[in-house]
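Engineer: What follows is the residue order along each chain.
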Amino acid sequence: MLAWQGVTHGYGPETVIEDFDLGLDPGRVLGLVGPSGCGKTTLLLMAGGLLEPLAGCVRNGFRRPAFVFQEARLLPWRRAVDNVAFGLKAAGMGRAERRRVAGRLALRMGLTDEDLEKFPHELSGGMRQRVALARALTVSPDLLLLDEPFSALDVGLRRQLQDLVVGEIAGGGLSAVFITHDLTEAVRVSHEIAVLSGRPGRLLRRFVIDRPHAARDDAFVYETVGGLLRDAAVAAAFRTAEDIR
Amino acid sequence: MLLRPRTLTAAPLAYLWEGWGAAVGLFLLLAAWQACHEAYGSFVLPSPLESFAGLWRMIEDGRAPPAASLTAARAVLGFLAAGLLGSVLGIAAGLSMAAARAVRPVVTVLLGIPPIAWIVLALLWFGTGGLAPVFTVVVAAFPIAFAGAVEGTRTLDRGLEGMARSFGASGWMMLWDVHVPHILSYLFPAWVSALGTAWKVTVMAELLGADDGIGAGLAVARTNLDTAEAMGWIVAVVVMLLAVEYLLLHPIKRRVERWREQPAGAPMRGP
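Same order as they appear, the protein sequences are chains P and E. Just so you know, the numbering used here puts 172 at position 172 of the first sequence, and the rest follows in order with no gaps. Just so you know, the numbering used here puts 260 at position 260 of the second sequence, and the rest follows in order with no gaps.
The hints are simulated quantities; they were obtained by calculation from the structure and are not laboratory data. Mixed in with the good hints, there may be bad ones.
[Unchecked claim] If you want the ones that stay clear, here's a sample from chain P, every Cβ over 12 Å from chain E, calculated: (1) V68; (2) R79; (3) K89; (4) P200.
[As the list claims (entries may be wrong)] A partial selection of chain P residues facing chain E, derived with a Cβ cut-off under 7 Å: (5) Y11; (6) F67; (7) W77; (8) G87; (9) R202.
Cβ coordinates follow ideal geometry from the N, Cα and C atoms, glycine included.
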């Protein structure tokens with residue numbers, strides 16, 4: 001399990017997150033939503049062990065976290081397949097073996113054999129994000145940390161990739177923290193949604209969504225989002241955000 | 001998708017096509033040269049044919065090959081020293097914000113000093129001989145490589161670095177997979193430009209203060225008022241430069257930078 005306990009952090013004089021408490025149980029997806037600059041990414045970096053909080057602590061029982069970033073962050077000078085294999089290379093796997101594993105995973109993510117030999121600039125935004133997703137999954141993570149992974153994509157594509165992520169998480173017994181600006185996205189993928197206030201970020205509300213992913217049709221999603229927004233605190237947090245989608 | 005040629009077959013074809021375009025430019029230049037020759041006569045400007053004949057004569061009587069190889073050796077030696085020194089020091093300076101700030105005006109000053117000034121100093125310090133041209137090349141080409149290395153190191157992508165760290169990449173992998181390709185993409189054009197400078201500066205330094213090499217040959221031709229021979233030497237320099245550029249640097253650049261969005265055209269050179 002993962003828990004942020006009384007976490008406070010800031011950059012320079014500014015506090016971005018203050019006295020934050022939240023936990024995540026194995027096999028669950030936590031959606032973090034809130035206005036820009038409320039410290040969501042900071043929380044994610046802490047969960048991945050890349051950042052130490054100034055105060056409070058992060059307890060992390062997961063062994064292998066893997067990130068998917070908003071910008072795909074692919075190496076422009078490596079072919080798609082080698083980008084997918086990056087984590088395996090870091091883990092010390094041989095070239096032929098890791099390319100084979102990477103290829104198999106990339107195909108599962110909806111990339112074609114042809115795409116594998118392309119450089120990132122030759123791929124569309126959606127394909128690049130599939131490569132980034134495959135790269136995170138190759139290392140067989142137990143905790144997936146997604147930082148607005150699909151916010152640059154158009155709606156249809158976003159739906160496809162959300163379904164892909166939900167499938168992977170359900171199939172592999174993964175846990176995930178999913179940052180998003182988009183409440184509908186949060187409702188679609190999360191077991192639990194945490195709404196943060198604007199800077200400095202504090203936990204405003206927590207909602208649990210019990211319904212299984214397969215049963216979350218559009219009507220349910222929109223109704224739930226509507227329900228969340230009827231909560232005055234949530235609506236206020238989202239009014240301050242410029243980019244409500 | 002089917003219409004898209006496979007990159008492997010397309011690359012040489014595209015290269016040939018580009019070579020075709022370059023040939024058009026060269027032939028237009030030759031035509032303009034011929035026209036000027038016809039307007040002003042052989043003494044002012046020998047025709048292309050006369051110039052090539054002059055060069056051929058010098059090749060036949062055995063003067064051109066040793067001079068050319070000597071000039072090439074000096075240019076390459078100076079270039080290698082400047083490239084190595086500039087790249088290593090530039091990367092080191094780029095890694096530190098303070099060093100990069102301190103060094104930027106120095107590089108601007110060094111880039112601003114005309115090579116001819118260095119030649120005069122080099123002649124005063126080393127006298128006539130092989131050392132002065134090589135020294136001049138090193139100081140003229142060094143800031144170009146240095147500036148490229150600083151710029152490449154300053155612009156390293158922190159996002160990619162964070163990504164690599166999140167996968168627990170080793171220091172070696174961080175260097176080899178993340179940093180080196182990025183810095184190389186800045187260094188390579190700088191090296192190309194440094195090599196061009198090296199070539200020109202070598203000839204200039206030889207002209208003023210050496211008794212061998214292409215520059216010295218040019219000086220002799222000038223004393224003898226032999227314009228055809230002077231043009232022959234110039235043709236020799238240009239042909240060597242074009243050969244290095246299109247047979248060596250361009251193919252390497254294509255190979256190294258295949259991942260780039262827009263393959264850069266023929267590099268532009270400063271004076």
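Engineer: Next, verify each hint and record whether it holds.
Structural biologist: Hints, verified against the model:
no.: 1; hint: V68; verdict: violated (10 Å)
no.: 2; hint: R79; verdict: violated (8 Å)
no.: 3; hint: K89; verdict: violated (7 Å)
no.: 4; hint: P200; verdict: holds (23 Å)
no.: 5; hint: Y11; verdict: violated (14 Å)
no.: 6; hint: F67; verdict: holds (4 Å)
no.: 7; hint: W77; verdict: holds (4 Å)
no.: 8; hint: G87; verdict: holds (4 Å)
no.: 9; hint: R202; verdict: violated (25 Å)
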